[in-house]
Amino acid sequence: MGDTSIGWTDKTWNPVRGCTVVSAECENCYAMGFAARFSGEGQPYEGLARFSDKKHLPQWTGAVRFVPSMLDQPLRWRRARRIFVNSMSDLFHEKLSNEAIAAVFGVMAAAPQHTFQVLTKRPQRAIEWFSWLDWMGGLGGYVRSHRVGSGGLLPSLFDAVARTEMIQGRRTRSRNDPWASVFNAAAVIGRGPLPNVHIGVSAGTQASVDDFIPKLLQIPASIRFVSAEPLLEEVDLSKWLTRRDRVQMEAFTPEAKAVYGEGRHERDRIVRGVDWVIAGGESGHGARPCDIRWIESVAKQCADAGAPCFVKQLGANPHANIPTIVVGWRPGAPEPDTRLRLKDRAGADPSEWPEALRVQQFPRGGTV
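For what it's worth, this note's numbering labels the leading residue of the sequence shown as -10, then goes sequentially.
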């Protein structure tokens, strides 16, 4: 369970199902298509997705479902892994309760051997949730607020588990209970961001970049990243990337002069921004065009800033040098053929890429 072919992660974990369209990038969402195929009676996505009546296109119904039975999945993976959280939904969906999101973060706190990659198109909701969590005393404070009896923990953080325990008449945690590790780990952490949780936004257009990234930078996270996939146009990320600047400094106090010496001097300064960028074209049926120059531009912006970049794929409809103006072209004439014919249907084989695009770097930090 949780196996994936996504190159920048090792496993997927889906304690939430269902989503809604937010932006242009969502139009051909793979999760929406997958969910619609498995939305029949008794299937995992029943009531969450469907095929439209007229064009038989997949679409979300608008319902979102929290699945507590999936919460303990990462606790069963002992070897350290990168885990993509909610590849089939959005952890910060507005229909999820604060408590449900906290349950997911509780599990992430209890599995420090893993690196959890949380990708959202709802950074404003994430800001609001972290504000709520801070008001609750941080994740540790929130978990501690559920203590009952002598050292027991009431798992109302996990409503389904709580209901099960109420039926069984249990009110304290057993040492052999796997949920005890969740509460014990989460209860001792401070207010700072979990070091093994990376948070990113999905932004494949300039409009999404300009809207989502400033909000992303307000979210407390050990690593902040951007997934520019599907990349639908050329985007400028440069001003948002983590970079190293040279600054002029002068020591004034005796203590500072003892460290830096007299007079003005230059020193490196790290300006935190986006720490990691994923880029790629759209895959699947009906994939929209992606000019490989757009991907190359993202990779170059990252290289110039010293930020790691991971080129995932060129997509199912990659083009080379899509012209904006074609000399001699006239209305009614055939469009110039700029499409690249690749053997890999998703354009995910780096051996078929230009050398400049063979970049698959990971950020420093995290546990993997």
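Read the hints as simulated data drawn from the structure, not as lab findings.
Since the model is a prediction, treat every value here as computed from it, not as a measurement.
Please note: incorrect hints may appear among the correct ones.
Below 25 Å or equal to it, Euclidean Cα-Cα: the simulated DSS-like pairs (lysine-lysine) are [claimed, not checked]:
# : residue 1 : residue 2
1 : 289       : 228
2 : 228       : 204
3 : 289       : 204
4 : 84        : 228
Structure-based check of all given hints:
1. 289 with 228: holds, 13 Å
2. 228 with 204: holds, 14 Å
3. 289 with 204: holds, 24 Å
4. 84 with 228: The hint is violated at about 32 Å.
Of the hints listed earlier, the one the structure fails to meet is number 4.
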